[in-house]
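Asks: Chain residues, written in single-letter form:
Protein chains: 2
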Amino acid sequence: MGYKLLEYVVMENKKRILTGDRPTGRLHIGHLLGSINNRVRLQEEYEEFVIVANIQALSDNFDNPGKVRENIEELLCDYYACGLDFNKANVFIQSEVPEIHEIFIYLSNFATVQQIQHNPTIKTEMAQKGINLSTPLGFFFYPIHQTADILCVNADLVPVGKDQVPMVESTRDLARKFNKTYKVNLLHEPDSLVGTEVNVPGIDGAEKMGKSLNNAIYLSDSEEELRKKVFKVYTDPNRIHATDPGKVEGNVAFMYHDLFNSNTEEVEKMKDMYRKGNIKDMEVKEKLFLVMNEKLTPIRERRLEAEKMKGELLARAIESSKKVSNIARGVADSMKEAMLLNFKN
Amino acid sequence: MGYKLLEYVVMENKKRILTGDRPTGRLHIGHLLGSINNRVRLQEEYEEFVIVANIQALSDNFDNPGKVRENIEELLCDYYACGLDFNKANVFIQSEVPEIHEIFIYLSNFATVQQIQHNPTIKTEMAQKGINLSTPLGFFFYPIHQTADILCVNADLVPVGKDQVPMVESTRDLARKFNKTYKVNLLHEPDSLVGTEVNVPGIDGAEKMGKSLNNAIYLSDSEEELRKKVFKVYTDPNRIHATDPGKVEGNVAFMYHDLFNSNTEEVEKMKDMYRKGNIKDMEVKEKLFLVMNEKLTPIRERRLEAEKMKGELLARAIESSKKVSNIARGVADSMKEAMLLNFKN
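Protein chains in written order, with my numbering: chain W, 16 to 360; chain R, 16 to 360.
Keep in mind the hints are simulated off the structure, nothing from the lab.
Just so you know, not all the hints are guaranteed correct.
Pairs involving identical chains hold if they fit within one copy or between any two copies, as the list cannot separate such chains.
[What the hints assert, rightly or not] Dumping the calculated DSBU-like pairs for lysine-lysine here, alpha-carbon to alpha-carbon at most 30 Å: (1) Lys138 / Lys192; (2) Lys351 / Lys338; (3) Lys192 / Lys226; (4) Lys244 / Lys291.
Please work from the sequences and hints to get the whole structure.
Replies: Printed below as a string of structure tokens:
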């Protein structure tokens, strides 16, 4: 009992972090370097909540629920493989916390239609997918639904890339408006935790790595798949012979070296040789494969382990969802009280 | 036990009706003749659900939660006064059924932004209130939230005025799309139950009676207030002397006679005399006051009775909300199963 109490006190002092993903596909090295590694670090210092946003994933995959369903377990395996500790981080499933929907409804009076249309995510996705008035409502309002994810655990911090800062600002705005309107100090205004931006280009040289672009190296890729992909990465298209001077800038092989090869001296030496036409593409790639494989092998192995304990991981996530549901129930009830929606007293 | 079972079977055979109001003000004679009397009749034949839509009321009154809170009890008193039997009709409070919000989220993938903008209610209200991009999101999507009210109890019928038929159509549409997408026969497509339209003009001759128009006769009005209002009703503004021939068309005194005076022979005779300048306005109004007071006195008396049992009525509504919450939980769980969001099996 004394121990439990102590643990509770410690948890109380830890700041809360909310982060997560939509379960729409397996994670790739872009996710690993862009967010997951960061989360693994943060789980030590913070009370971390990691949402598997399956309801939001359905908002643009509603006609393919099987895809979303399968990718929940894939995502859990990826998390486990990367070192997310399910005993430390609260990995939970959005659909198991219906209080999020309720909180969203309460917040929706403080968001405007304009605010959504100006949301950078919706703007970008509308531009990409050519979305218009036939946009499903669920997809249209998901930026506001996201604010409910954050507020349902009263998160202190949200780790985001620069492009997602407006989403956190929007959350702060709604929390502030709610508190002001009902003269309460209830909803926590979260801060953005903007880390160093790590951009991982696709193997084809595209700025972003993505499933739909078919240019990703997945954490679940076998050694053989990794090798194949590494040897296919975009280098300098104008370099025909190994003796031609080559370009290092925009050369994915070197960009990956910069990201994965900790021997910077070796990398700089190879770049120099490449520029002078003193090294073959194949050599650079062979070296790259070795360093990437070294970093990815333990993840791959842990992922195979995870595959065998999918059911267990899911059960842990459901358990955490109950914990989150309790926290969210508390938040929703306090909001109801502020809005004079409580009938118990 | 045998009795209970029998009751259950009977209930199962009864068709379900969903109807209700936003608790934003006391009810007036327009509500009485337009919908409440109808509900009192329907409670005998159907399994009736009457929603007190306080969450939707907040969507355009979010900065005045006290108004919505107070009007819940006022509405319950009005219902009781008009003869809604809380043992027959399931009068429930929207905020006590959070499953509605969840069901709304599941439905929202099947509604489009366009569909909302074309919704007749939103259109009218946007025209009336000059709403634009600064429209709160909660108000913007409430026509779709309403469909969740209907579907959460799998209603068979929705009593509506002609102008609300598109809302029921929208509900049918969402139910159909959901069922089709997930290859289930789950959500019930409700039918509109369009009764004879009863339009009650305001005492000032305006087409509609409304609180904001300050032209309403409330069910809670005292006999004295009723008398004052009846003697103020709009008649023929061009008639100066009782001997002037008067116009019966658009004359509120005669419109109310048509609605409240069951002695049609007397009414026709008065109309004839009025046209010929053989009857004073005062006489017509005195007669009108008598017949209206006769109809409204029992309601007024029951309302005074209801005032004393507000707490009891609220408790009954909360009890019914629990019943509805259970039904809605079942619907939401079936929807989750269809969307592969169930993790229990």
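Asks: Hints first: check each against the structure and report whether it holds.
Replies: Hints, one by one, checked against the model:
no. : hint            : verdict
1   : Lys138 / Lys192 : both (24 Å within a copy, 27 Å between copies)
2   : Lys351 / Lys338 : both (20 Å within a copy, 20 Å between copies)
3   : Lys192 / Lys226 : between (38 Å within a copy, 28 Å between copies)
4   : Lys244 / Lys291 : within (26 Å within a copy, 98 Å between copies)
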